[in-house]
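Let's have the full structure, built from the sequences with the hints guiding it.
There are 2 protein chains.
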Amino acid sequence: MAANQEDVKLLGATGSPFVCRVQIALKLKGVQYKFLEENLRNKSELLLKSNPVHKKVPVFIHNEKPIAESLVIVEYIDETWKNNPILPSDPYQRALARFWSKFIDDKVVGAAWKYIYTVDEKEREKNVEESYEALQFLENELKDKKFFGGEEIGLVDIAAVFIAFWIPIIQEVLGLKLFTSEKFPKLYKWSQEFINHPVVKQVLPPRDQLFAFYKACHESLSASK
Amino acid sequence: MAANQEDVKLLGATGSPFVCRVQIALKLKGVQYKFLEENLRNKSELLLKSNPVHKKVPVFIHNEKPIAESLVIVEYIDETWKNNPILPSDPYQRALARFWSKFIDDKVVGAAWKYIYTVDEKEREKNVEESYEALQFLENELKDKKFFGGEEIGLVDIAAVFIAFWIPIIQEVLGLKLFTSEKFPKLYKWSQEFINHPVVKQVLPPRDQLFAFYKACHESLSASK
Numbered sequence: 000m001a002a003n004q005e006d007v008k009l010l011g012a013t014g015s016p017f018v019c020r021v022q023i024a025l026k027l028k029g030v031q032y033k034f035l036e037e038n039l040r041n042k043s044e045l046l047l048k049s050n051p052v053h054k055k056v057p058v059f060i061h062n063e064k065p066i067a068e069s070l071v072i073v074e075y076i077d078e079t080w081k082n083n084p085i086l087p088s089d090p091y092q093r094a095l096a097r098f099w100s101k102f103i104d105d106k107v108v109g110a111a112w113k114y115i116y117t118v119d120e121k122e123r124e125k126n127v128e129e130s131y132e133a134l135q136f137l138e139n140e141l142k143d144k145k146f147f148g149g150e151e152i153g154l155v156d157i158a159a160v161f162i163a164f165w166i167p168i169i170q171e172v173l174g175l176k177l178f179t180s181e182k183f184p185k186l187y188k189w190s191q192e193f194i195n196h197p198v199v200k201q202v203l204p205p206r207d208q209l210f211a212f213y214k215a216c217h218e219s220l221s222a223s224k
Numbered sequence: 000m001a002a003n004q005e006d007v008k009l010l011g012a013t014g015s016p017f018v019c020r021v022q023i024a025l026k027l028k029g030v031q032y033k034f035l036e037e038n039l040r041n042k043s044e045l046l047l048k049s050n051p052v053h054k055k056v057p058v059f060i061h062n063e064k065p066i067a068e069s070l071v072i073v074e075y076i077d078e079t080w081k082n083n084p085i086l087p088s089d090p091y092q093r094a095l096a097r098f099w100s101k102f103i104d105d106k107v108v109g110a111a112w113k114y115i116y117t118v119d120e121k122e123r124e125k126n127v128e129e130s131y132e133a134l135q136f137l138e139n140e141l142k143d144k145k146f147f148g149g150e151e152i153g154l155v156d157i158a159a160v161f162i163a164f165w166i167p168i169i170q171e172v173l174g175l176k177l178f179t180s181e182k183f184p185k186l187y188k189w190s191q192e193f194i195n196h197p198v199v200k201q202v203l204p205p206r207d208q209l210f211a212f213y214k215a216c217h218e219s220l221s222a223s224k
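Residue numbers (numbering that gives the first Met the number 0), protein chains in the order written: chain D, 0 to 224; chain H, 0 to 224.
None of these hints come from the bench; they were simulated from the model. The C-beta atom is built at its ideal place from N, Cα and C for all residues, glycine as well. Hints may contain errors.
[Stated by the list, open to error] These stretches of chain H come out as covered by chain D in the derived footprint (C-beta under 8 Å, 3 or more residues):
#1 68 to 74
#2 77 to 90
#3 94 to 103
[What the hints assert, rightly or not] Result set (DSS-like, lysine-lysine): computed pairs, CA atoms no more than 27 Å apart in a straight line:
#4 H:Lys-185 - H:Lys-145
#5 H:Lys-33 - H:Lys-48
#6 H:Lys-106 - D:Lys-101
#7 D:Lys-125 - H:Lys-113
#8 H:Lys-125 - D:Lys-125
#9 H:Lys-64 - D:Lys-142
[What the hints assert, rightly or not] Not the full set, but computed from the structure, chain H residues with beta-carbon under 10 Å of chain D:
#10 Pro-51
#11 Val-52
#12 His-53
#13 Phe-59
#14 Lys-106
#15 Ala-133
#16 Phe-136
Right, dumping it as structure tokens:
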């Protein structure tokens, strides 16, 4: 594929669920890319120049043209490399995929970020409750499909990598029982299917490292309470 | 156009910038639709059934199929009625349009909502400052284009209706001088061009009513301080 021989770079940081979304999309398409690991405490000139607005990873650079925001990047990848479609072709199904991806960012990732980084017990409970309700909506939405995208991985699955891989680690660190097979049997089954998918498996960060990172975060926050 | 004879409904509330986005898109396309005004203190069964997740307007219903989230709806409209394109055809330009629309929601609308509904002076200043920085990015992005979309109104213009029409009203109520022609000459010029566009003009809510609404909001918040 000609497009594969183009200049494709991903500025990322191992352990970021947003970077991981882009990696899954690229692997699904079979696009060769150069992964440039960023040190987020000392960001590269290329990162600052490519994403002057947010100064965050991921930044995707295709033939010198930079794009930020993980879901925007995933849609760009899907529109640029047409094989193995990530979004459905039907406009209504596309709208639903965009709706649920945004829902995951707003309601699941947003709440989780808050309960990781809060030491206020009451505040944490409120955020956990919000995540719980959001997961219930996703459990219902999944129905009996293998993936949110149907038989194949789609946009919502990619957005939900945070739920499949990050939430179980974070809840273990915090001693929560939020996302379990008893509470969310369909979503749990999906998460196992998803993280064991050959494409997803090869881009997930090492679980031990991620666990150690969040544990250290949590301990340092608790100590400074 | 056959699509125009289909069943197209918009559940909305006069005065909502999010609903207004969808109205602009529909008018640009020349799509006939039925506007169903919602009483947000006593939501209709149809709204609750069509948007069980957020229970908010706008909800767009096309041939019985509901879609929520204003920007998701605008993209759906653009994919369904192909005349007068709202998103560019080039994937990179599409990605930029999505990036800036999301930026407006996250950084401008998000911050403005906070400074309308806060009585804490310090908190308000912080949020106004955040809006100010965001507007500066948009001023730079606009360059010397007539619209963000170029010669025609596009996704970013539609997303930015909040800046063109709502922010001037809100800042007048709050006595702020945030978005002025001196501080943001390009963006200000754009806003005048945009709100006087024949399509936009016919869907903007009455300025006096909106002003009275935010004034009452502000006074009631200040009184309960």
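Here's how the hints hold up against the structure:
no.	hint	verdict
1	68 to 74	holds (count 4)
2	77 to 90	holds (count 3)
3	94 to 103	holds (count 6)
4	H:Lys-185 - H:Lys-145	holds (9 Å)
5	H:Lys-33 - H:Lys-48	holds (18 Å)
6	H:Lys-106 - D:Lys-101	holds (16 Å)
7	D:Lys-125 - H:Lys-113	holds (20 Å)
8	H:Lys-125 - D:Lys-125	holds (25 Å)
9	H:Lys-64 - D:Lys-142	holds (18 Å)
10	Pro-51	holds (8 Å)
11	Val-52	holds (6 Å)
12	His-53	holds (8 Å)
13	Phe-59	holds (9 Å)
14	Lys-106	holds (8 Å)
15	Ala-133	holds (9 Å)
16	Phe-136	holds (6 Å)
The structure is consistent with each of the numbered hints, conforming to all of them.
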